[in-house]
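Protein chains in written order, with the numbering used here: chain V, 1 to 419; chain S, 1 to 321; chain W, 1 to 240.
Hints may be right or wrong, so weigh each one.
[As the list claims (entries may be wrong)] The calculated lysine-lysine pairs, modelled on DSS-like cross-linking and capped at a C-alpha distance of 30 Å, are:
#, chain 1, residue 1, chain 2, residue 2
1, V, K146, V, K119
2, S, K100, W, K115
3, S, K96, W, K159
4, W, K79, W, K68
5, W, K47, S, K202
6, W, K68, W, K217
7, S, K202, W, K230
8, W, K105, W, K79
9, W, K105, W, K159
10, W, K217, S, K190
11, S, K213, W, K59
12, S, K202, W, K105
For the record, the hints were derived by calculation from the structure and aren't laboratory data.
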Amino acid sequence: MKTPRWIAFIMTLMMVAAMFAGCAKQPVAETPTAPAVEATTTEATAVPEEVGYTGPEVVTLGFLSPITGPNAAEGAAARNAFQMAIDQANASGEFPYEIKTIIIDDQSDASVGVAGAQKIVADSTVVVATGHWNSGVAEATIPVFKDNEIPLLIWGAIRQSLTSPDNYPWITRSAPTAVQENEPLAKAVLDDMGYSKVFIVSDVTSYGEGNVSAFSAELTARNLVPMGIENVQEGAVDFRAIISKIKDTGADCVYWGGVVTEGSILKQQMHEEGVEALFCGISGNYSADFLKISAEAAEGALIVKPGVVLASTEAGTKFVDDYTAAGFAEPVGAYTPYAYEAALILLAALKTCGSDITPETMRDAIKDGTFTGIMGTTTFNEFGQTTLVAAYLNVVQDGQWVVYDNSEYVTGARAFAGK
Amino acid sequence: MEMFSSLLVSAILMGCTYTLVAIGYCLFFGVLDVVVFCCGDIAIFGGFSIIGAYTILYSAGVLQAVPAFVAVLIMLTIAAILCAALGLIAYQFSIKPFEKSSTLMPLLSTIALGVVIKEVLGLVFQPVVNSIAAVVTSVDDPLSVVGGRNPQAMPNLIAGSGSTDERNLIIIAVTLAILIALFLFLNKTKIGLSMQAISQNKELALMTGVNVKRTITATFIIGGILLAVGGFLLSSYQTIIRFDGGAMYGSKGFSAAVVGGLKNTWGAVIGGMLLGFVEVFTAGYIPGGTQYQNIIAFLVVILFIVFRPEGIIGEKSIEKV
Amino acid sequence: MSMEEMNLLNVSGLYTSYGRIPMLMNVSVELNEGCACCVLGANGAGKSTLVKAILGMVKADQGSIIFKGQDITSWSTYKRIAAGIQVASAATGTFTKMSVETNLKLGAYNINDPKLLAERLEEIYTSFPVLKARLNQKAGTLSGGERTMLAIARAVINKPSLLIMDEPSLGLAPIVVDEVFRIVRRLNKNEKITIMLVEQNAKKALSVSNAGYIIQKGQIIFSGDTETLKNSEFLENPVM
């Protein structure tokens, strides 16, 4: 039996495929339609005449989010929160001019987003824009804003590369990137809980690699060395060899840098093989699906999630109450507070500018400003990324995600593995 | 030493699961001279069939009424029947129409069929199971079915409440039993001999009076059953099953079959074990090796193709006079 | 005896093609029960195609094949074999990776009665003692002569009504060729098996046959009894 030559060809293809299997995959909008830009302008509200004011009578803010399409729930709720903040500002009488908005539905589609961005920059009253839940759409519109010198504050897209020296100072971002979540996680696990023998497992996506380097840096900063670093291919189902290794190194903590699918399998198999170690990771694993693989095996997984527990602060509670009172169809989503926070930042920047409101003054007001909103105090670093990483820990307890601070792990009724 | 022994167990178990799908490739290639590329997806389909059967039987109260091993046998039978049917569908719709075309055509069409199986599992299967799952969870069932296109938890059917060691032993024992049964089937039954005859010399098999159509049909049924068991063991070992796991599982099985010589069923066993060992020990002993375990496994296969194209225990082909 | 009873195989006006290339053109062959008939022709003349057409492995474009009074033109191969046609072919020969015994058992594909099978095997061992000694050996390890014996035995075990021998002398030493033709004669004379002998070796073939055909470029160019053939000019043809 001779093996035909084409089989060799197939095998080579498979090997190449295996090599590239880990290349980052970004969600692509599945419903590309003709650019249907929805633009609404708010009704003028009573603007108080201020004596001595010489600035413009109308200031327009651009806003972009996926109001329809695959991410409509997040996008529409964000639009609601943003518009609510602007309406509140207009009603407050604190601004001697009318604040209008141009709302763009980018449909999670890059081409629709670019068309919307062009509509925003074409309006001469626009001084600043905030936008995007999808990183892919943000990447496409950033050149439009840069070329037309309109500052863009990104409120919800979290791909690391969006804020960079190249894009600074026109592009800033008030949402923490995924990688930034490693900082509060490391603080909790390494400093507060005292774990030191960390084994890092991740996947070969750019998400996973970003997390590995971020968490490794946190370890290095504490003079710790990981017990091992293993990257699996996307789609991995068998972690037995890695688990043998984890046991062999005697690690007391397993940091998982990938997302929920492989993460839940790893946790399940760790449980089955009786690994005595804490399982921790960042928000990519915070999902109901993580619980369903096996409620029993998921117990004790520690996952950090961006944002704040809104009910825990006065400003947060007020935001939720206002939002509920407004009677929006879409409930508050994970990034709804971020859209509200972005609106608050823009409004504060408008105040800083006084009567000299141009895209340039707005740009400088944002990048140099210090803003206090519902999530905490925001400042921007040397390339426009927020330094505020509001995040809180969650733990799986009896098959449910429970805020760590409210869980039995805090009270001491339960203990994490590896302790 | 503890690490070595646990890796050894992992390697043998991976080898077992690879072996079954590799034999599937061998049987199909034997009678058709065609690589049926959706073997992995058929096996995954088998695993899902078991989850489906489990959910339905549980909500019907059948599972609770019979002894555990009877229940497992019932579910395996259902999965085997479904996989055999799927095997026949694969033959009828993506291989037979291309009988007279180049061998690449059925290869491509079975790859396409694999994608169809995968997507159907990902899309259609999930809501069906979820609607039944509501019933199941209400009776405090250990299995909760996962929504979306994420992995499904595999019920612990092998060695129900027993330890993982017990489960691993059973997986190995079942694989061995299947290999023995297959050996007897291939050498002692008429249909098994016909399959071998077609595999070795199709023209002579025809001249001998072998009913080729019936043999091919039988092969797809047998292959389907093997793949169903393969999918069952694989998902039991991994404790979960992914709807998109078929492509990788299939590639590994195919690689094992190539190492074994494609027509050589017993070579496939060695090929499967070799692949399992290379993979697990690469991941286990090379720091950061997990990332490269698939690449190294495929590299071994390519080396085989280059230096031993007839397979690991294949004989040099005897030129016809 | 009437003509119908006498006539075992009747191929008439057969056309076959390979793709668009015509292979056989208007070939007619008649075989009477009990006869030994040879089909002679050079390499590529169409002998093997004729064998395959009779077996149903090559589709007939035109013409008919009647076997034992039944029109088998559209039958599939296994049905024709079950009806009593067997081939012993030097080219396709044996299942080289299987033991001699397995080869024989596979040969007896249509014998389902284990007792009958055992009987037949005994008969084969008696008439082919060389095989009995090598029962557990793989067919691929046999010598050329032994393999030809096995190919014949594999066909004969079924006691076929028609035995087609496809170049049995191919690649064998002269002394073995003699042995093979002795067997052919014995099968025909003693076992009363009708034989269609497809050969390049005209002299040997004619020595055991009572009628013959000459095939050239896909057409029968001569047919007649052995005596006529022996004296015919066609055998002088350098191609033969």
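Tested hints:
{"no.": "1", "hint": "K146/V / K119/V", "in the structure": "holds, 14 Å"}
{"no.": "2", "hint": "K100/S / K115/W", "in the structure": "violated, 41 Å"}
{"no.": "3", "hint": "K96/S / K159/W", "in the structure": "violated, 35 Å"}
{"no.": "4", "hint": "K79/W / K68/W", "in the structure": "holds, 13 Å"}
{"no.": "5", "hint": "K47/W / K202/S", "in the structure": "holds, 20 Å"}
{"no.": "6", "hint": "K68/W / K217/W", "in the structure": "holds, 28 Å"}
{"no.": "7", "hint": "K202/S / K230/W", "in the structure": "violated, 37 Å"}
{"no.": "8", "hint": "K105/W / K79/W", "in the structure": "holds, 18 Å"}
{"no.": "9", "hint": "K105/W / K159/W", "in the structure": "holds, 14 Å"}
{"no.": "10", "hint": "K217/W / K190/S", "in the structure": "violated, 40 Å"}
{"no.": "11", "hint": "K213/S / K59/W", "in the structure": "holds, 17 Å"}
{"no.": "12", "hint": "K202/S / K105/W", "in the structure": "holds, 17 Å"}
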